[in-house]
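Put chains B, C and D on the given structure of chain A with help from the hints.
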Amino acid sequence: MTSAPRIGVFVCRCGINIAAYVDVPAVVEYAKTLPGVTYAEENMYTCSSDGLNKIKEAIKKYGLERIVVASCTPRTHEPLFQATCEESGVNKYLFEMANIRDQCSWVHQKEPEKATEKAKDLIRMAVAKAALLESGDEPEIDVTPSTLVIGGGVSGMRAALSIADQGFNVTIVEKESTLGGKLRGFDSLFPHKQKASEVLMPLITRVSTHPRIRVLTKSTVKSVYGFLGNFDIGVETRQGVEVLKVGTIIVAVGADILKPKGLYLYGEDPRVVTQSELEQLLHKGEVDAKIVVMIQCAGSRNEEHPYCSRICCNEAVKNAINITEKESDVYILYRDLQTYGIHYSRLEQEAKRKGVKFLKYQAERPPLVTSEPDGLKVSLYSPTVNEAVELRPDMLVLSTPLVPVADAKELSQLLKVPLDSNGFFMEAHVKLRPIDFATDGIFICGTAHSPKDIGESVAQALGVASRASIPMAKKRVRTAAIMSQVDQTRCSGCGTCLDVCPYNALKKNDKGLAETIAAVCKGCGVCGATCPEKAITMHHFTDAQIEAQGLAALEED
Amino acid sequence: MKYALYLGCTVQTEQYGYEASVRATMPRLDVELVGMVGVSCCGFPPFSSVNELAWLYSSARNIAIAEEMGLPLLTLCNGCHLSFTETIHKLGNSPELKVKVNEKLAGEGLRYDGKVKLVHIFELLHDEVGKDKITAALTNPLKGFRFAAQPGCHSIRPSRVGRPDNPENPKKLDELITWLGAEAGDYPEKNDCCGSSLAVSAGKVVLDIAGEKLKAVKRRGFDGLVTTCPFCFKVYDNKQRAIQAMGGKEIDMPVFYYTQLLGLAIGLKQEELGIDLNQSPVDELLIRIGGA
Amino acid sequence: MTQRKPKMMDKVNAETCDQCGKCPSSCPVTVRIEGFNPRQIIAKVALGKEAELMKSQVLWTCTSCLKCKERCPEEISPYDVILALRRIAINLELPHPEGYDESVKAVVETGVVQQPQLVRTRNKERKDRKSMGLPPAEKPRDMTMYTKTLRGILEEDEL
Amino acid sequence: MKPVLVIGGGIAGIQASLDLADRGTKVHLIEKTPSIGGVMAQLDKTFPTMDCSICILAPKMIECYRHPNITIHSESEVVNLEGAVGDFRVKILEHPRSVDAKKCTGCGLCSEKCPVKRPSSFQAGLGQRKAIYLAFPQAVPLIATIDRDACLWFTKGLCRTCEKVCPSKAVDYEQKENLIELNVSSVITATGFEQYNPKDIGEYGYGRYKNVLTALEFERLVCASGPTGGVLSRPSDGKVSHNTAFIQCVGSRTQTVGYSYCSAFCCMYATKEAVLIKEHEPSSHVTIFYMDLKTFGKGFQGFVDRAQSHWGVQYIRGRPGEIREDPVTKNLTILYENTEIGKVERIEVDMVILCTAAVPHRENKELAQVLGVELDEYGFFEVGDPVSSPVETGKPGVYVCGSCHGPRDIPESVAEASATAAKASENIVLSEVGQ
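Protein chains in written order, with numbering that gives the first Met the number 0: chain A, 0 to 556; chain B, 0 to 291; chain C, 0 to 158; chain D, 0 to 434.
The reader is advised that the hints may include incorrect statements.
In silico lysine-lysine, BS3-like type, Cα no more than 27 Å apart, as pairs [said to hold, decoys possible]:
| no. | chain 1 | residue 1 | chain 2 | residue 2 |
| --- | --- | --- | --- | --- |
| 1 | C | LYS138 | B | LYS97 |
| 2 | B | LYS203 | C | LYS104 |
| 3 | D | LYS25 | A | LYS60 |
| 4 | A | LYS473 | D | LYS25 |
| 5 | B | LYS1 | C | LYS138 |
| 6 | D | LYS102 | A | LYS60 |
| 7 | B | LYS89 | C | LYS10 |
| 8 | B | LYS248 | B | LYS268 |
| 9 | C | LYS147 | B | LYS97 |
| 10 | D | LYS1 | A | LYS474 |
| 11 | D | LYS101 | A | LYS55 |
| 12 | A | LYS53 | D | LYS102 |
| 13 | C | LYS54 | B | LYS99 |
| 14 | A | LYS91 | A | LYS474 |
| 15 | B | LYS116 | C | LYS138 |
| 16 | D | LYS342 | C | LYS48 |
| 17 | A | LYS53 | D | LYS101 |
| 18 | D | LYS209 | B | LYS170 |
| 19 | B | LYS203 | B | LYS217 |
| 20 | D | LYS25 | A | LYS474 |
| 21 | D | LYS329 | B | LYS214 |
| 22 | C | LYS54 | C | LYS126 |
| 23 | C | LYS104 | B | LYS97 |
| 24 | D | LYS116 | D | LYS168 |
Just so you know, the hints here were simulated from the structure itself, not pulled from any lab data.
If we strip away everything but chain A, and leave its shape as in the complex, we get:
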């Protein structure tokens, strides 16, 4: 065995985030005493370009072979430090991080001494592991220059068009017999009230005539294998099952509109309709009610659908304007009016000027709707006048929420992507990765992600058109070397690992033994943990490394 590698430790003060509670200089001094550590220093912000340069200089000056940074979380900063190592010729897998902020200084602000001790422990553990780190090679894979778009609504079509215009082939898989999705059900569109058909029809024509776009209607995705760059998609079409080879996948399946059976006499009294049914009636010009009452949050912001559906208020306001222009009185009963931003604020003001009447109601005291011999009766307590109000509408319109499509769960399991607590598809990071999935090569846009209006859906659609094209434009991509490896001499071929792998990253080879598909493996470690033969090694998280780390944790100094 070769001589112990030379380890460098960089302790970040993170301004005062760490330094205010952890005695950083002391920690640095301590680090210098650890086995294998040839150099240690502190930085104000190790992640600043200055800090990164210090790492590079130290690597050259002291011939460091392993780098440990004690700072914040690998979630955000590891790639940055790894890249820095690579730039100085140290393989990124020879880098180790100790989180002495989130799990140390922040949580022990009231006990600085203990925080300092814990920081030392964490660094000791990281150094122990670092000594055993091995460099890794990242598999590089070709990317098939073709995208699968699941869903032929506005989002799906706009995403497809942009990707096609960026020079890649696209296949749209739509389960209905026609393109267009929910937009087909709209009369006019807010905020500017142009006719839905004027937006939809030209779009459908462009999509169906684009040389790079192929549309499969009445088709559904049945199977998904492979990984970023090389997906094999089994699609059931009218002509039977077809296998598509694509590089990236876009989920644009949209959402359904809740039909609130039994709520406010819906389904019992014909004069009670949903906002989307009203759209149809308006479209056919079949609304002749003199007094119309609209109830917002009908079936949303409650136990069953705890979220706000975003578009219902604006749809109601838009329809209310259309109806008041026909000399009818419209009352909108709302909880919190979601007319956000510039366009919808304008819409709200227009509605008010045109005499649409707004009455607030309270969630805990929803309106009571009864069917009297002489018509509908809506009674409520309204904070607007702070008293009971009674209305006698000829028509009652319920603004119901968008809900996840029926087959969302099924699709999420096929794609191995998560759903949120409301059943909508869940993005990789709420703030900074809003249209990526955690799984590489799969993206999300439109109302499948959460309720949103057409413009917002289109923006996301164009967004994924960029995200999904990046790897195709690059032609080749690397994937992490943190992966499992099956020891063929130990594997019994029981197949347990194949069953538990959440990424379909293992297959049986011709010898009937398990084998990792390097490019697909995410290194989650489930297979390694379950293998009864201990035949699976997790690179970068080997038993030896973890054991060393664990023992270091128990060491007394």
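For chains B, C and D alone, coordinates are given in the frame of chain A:
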């Protein structure tokens, strides 16, 4: 500096102390006051709640007289000042209304033009007489006294028609007080209404509203309350005993018209300033002020 | 439901009210007189319930402090709305405090709300303008014409 | 292949640049201030994950800095644009930093020794910086810059201390502004927004009452790297605020003083800030005065529900009429109506946070003229049609993303940024086909 002096109903029929102190002090500051012959009620409040045209007519009528005199129009009362301002504003924005009003005025051979320069007494003192003239005239500076300013609603609101001072942070009356050698001071209740216009419909409420401010002014350690509005004065001074009777608690807050304090500070006698008409307990303070 | 709006209610743009609550929280009366709430008044105007408001006594309890007009974010003036409603109410001879009729009568007939008073000094002496050394009070030059004009105006239908 | 011009180095501009650069397109990122990062860099945490804002942003900033395909022009502005989509000729004016970018290591010694203090705009005016300074510790590029209006050498011909102490001799008082010309295929505008200054809303006393702050000032106050080190001590006396109130719609939803639109994200940042207070001190009292709770975004309602049920944040529907300051204690009394029950009440608090509207950048007018695109009546950039072309201006090849065309939250801005990258990429393919 020459001004057409418009007294208004309240001042000329009962608030003699205000009028006397104005007439006594202004000449000392080289302000010449010219009486307005044939003036009538400005229309506020009697007509504001009854008939808008009657209000505009009454108001325009007096403006017309000032315009006839060719002098800037000086008011002592917040109500009159706002009434005139709103009339100038409304008639300025509506030529039709202006014609209509002038038809009515023609009967008396009057003509409203709307070009008149309108000024409130505290505005005149602050913006036109100014600090130097006032401080120069001081013979008996009110050192060591701390007065709460009461600008009164109608002198600061509504700002959108243009008022003599800031609607949320009025400072002119405070500055006028400090120019007399006394101290002023911000207090949270400063911009609150005196409630006087409720006298017609809900007298008790007036006392409650006014009492709240008087108690606050007391609590915050002021030596007295100073105003340039006859309506405010009527409540805080004339009704103070009634407020005390209702509220039970001792208030004993001396209340003055600013022009009365000004008079004392430039060496005029109490009698010249009609201070004997103040109903609030001012005597002790007057002794401390001393001077002439 | 909505009944004919009187002409003078046209420009009050009550319907643009956001029900924010800034006016009542600025109002010295809302905290003291049950039922007087400028926000609710505007809401009722927006809902076409003027008739109900004009009958209500609270209509007469505004102090005209103008904070509502000053601060309304939508440039609605509850104060002006209230004045407008009062004028209609008086015009329709609905019940209202008699104080208004008295001062109107006084102004129409004498040019001022009241005749110069005898006022008392702190030590109970009585004083009038003369004893104060003040010039006699002013009144319109041509009183009959003045009165005639005002009567004429008051008889016109403002609605 | 021609590069793409991205104007504005906030999160939107950063995302647009990275999308394009990652696919192999050269990008010129123009930033007016000394560092990229924008408003997001000033925020303490971001909901609902409560990630430390700069912690998740900094890696992306550094990524821009290190990306071979991205050139950052800080302290620069676009002064001229000619040509058409696929072939724009643009002039960039780089203002002098008075510091040699190649030599400066960002060690900060110069500002340590600089004698002149000025309010730090990064600390929203609550903290101070020197005449020569680094915008903030994680600034990108990490290069010092001299504020010539403050510097003693430039104003009085004195000092030159920074020059003496700089170990790498980077200070250069003679540095001139620099005009560069670029040929780009598309232009992406991501200039963001400004916070409304509430001083004109007199009844709330901002500027008069020390303990009335704006939400952005609060973000710095509550931030561990802020002027108080994250201690919620109020300006008047440094006393920790145990009772704090937030007021929504300050400068928004009004026809009088301010802007008539709803600023979209204030309800949620107020809720986040309220939760931050509770995280610091669960026993402290927090009240939010709102008009309509805008919980329209993904996860918003859930976050608000948790703020109420778990953290005990109190929501009151009512826009306060007035704030009063006690002349002695400097405590603030809020006059409000609980409109749910129509009752007028008062509450005394230690500190009030005004949730001010996001308003158009004052420079938009000038930039719009240079770019030859339209602004809306408020001064935000106008898109052709918000429904079918949400990121396209009237001018082909010029795109907008983020809050420069109306208030948007971070995820919307990020998605739109990628959208503009897609449009720009379409243009590149088109022009290549053309050739």
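Okay, the hints, checked on the actual structure:
Restraint check for LYS138/C and LYS97/B: satisfied, since their Cα atoms lie roughly 24 Å apart, inside the 27 Å limit. Proximity of LYS203/B to LYS104/C is assessed by CA-CA distance (about 25 Å); at most 27 Å being required, the pair is judged to hold. Taking the CA atoms of LYS25/D and LYS60/A, the gap is about 34 Å. The hint is violated against a cut of 27 Å. For the hint pairing LYS473/A with LYS25/D, the CA-to-CA distance comes to about 14 Å; that is within 27 Å, so the pair holds.
For the given pair, LYS1/B sits about 22 Å from LYS138/C by alpha-carbon distance, which is consistent with the 27 Å threshold. Proximity of LYS102/D to LYS60/A is assessed by CA-CA distance (about 20 Å); at most 27 Å being required, the pair is judged to hold. Proximity of LYS89/B to LYS10/C is assessed by CA-CA distance (about 13 Å); at most 27 Å being required, the pair is judged to hold. Our distance criterion of 27 Å between C-alpha atoms is broken by LYS248/B and LYS268/B, whose separation comes to about 32 Å.
For a cut-off of 27 Å, the pair hint linking LYS147/C to LYS97/B stands: about 19 Å separates their Cα positions. Taking the CA atoms of LYS1/D and LYS474/A, the gap is near 20 Å; set against the 27 Å cutoff, the hint holds. As the CA atoms of LYS101/D and LYS55/A are separated by approximately 17 Å, the hinted pair is consistent with the 27 Å bound. Restraint check: the Cα-Cα separation between LYS53/A and LYS102/D comes to about 15 Å, which is no more than 27 Å; the hinted pair holds.
As the CA atoms of LYS54/C and LYS99/B are separated by approximately 31 Å, the hinted pair breaks the 27 Å bound. In summary, the hint linking LYS91/A to LYS474/A is supported, as the alpha carbons are separated by about 23 Å, within the 27 Å threshold. For the hint pairing LYS116/B with LYS138/C, the CA-to-CA distance comes to about 22 Å; that is within 27 Å, so the pair holds. Simply put, LYS342/D and LYS48/C have alpha-carbon atoms about 21 Å apart, close enough for the 27 Å limit, and the pair holds.
For the given pair, LYS53/A sits about 16 Å from LYS101/D by alpha-carbon distance, which is consistent with the 27 Å threshold. The suggested pairing of LYS209/D with LYS170/B holds, with an alpha-carbon distance near 19 Å, which does not exceed 27 Å. Under the criterion of a C-alpha separation no larger than 27 Å, the hint pairing LYS203/B with LYS217/B is consistent with the structure, at around 21 Å. A distance of roughly 17 Å separates the Cα atoms of LYS25/D and LYS474/A; the hinted pair therefore holds under the 27 Å criterion.
For the hint linking LYS329/D to LYS214/B, the alpha-carbon distance of about 20 Å falls within 27 Å, and the restraint holds. As the CA atoms of LYS54/C and LYS126/C are separated by approximately 43 Å, the hinted pair breaks the 27 Å bound. Among the hinted pairs, LYS104/C with LYS97/B is consistent with the structure: their alpha-carbon atoms are about 25 Å apart, no more than 27 Å. A C-alpha spacing of about 22 Å is found between LYS116/D and LYS168/D, which places the hinted pair at or below 27 Å, so the restraint holds.
Taken one by one, the earlier hints fail for this structure at numbers 3, 8, 13 and 22, listed in ascending order.
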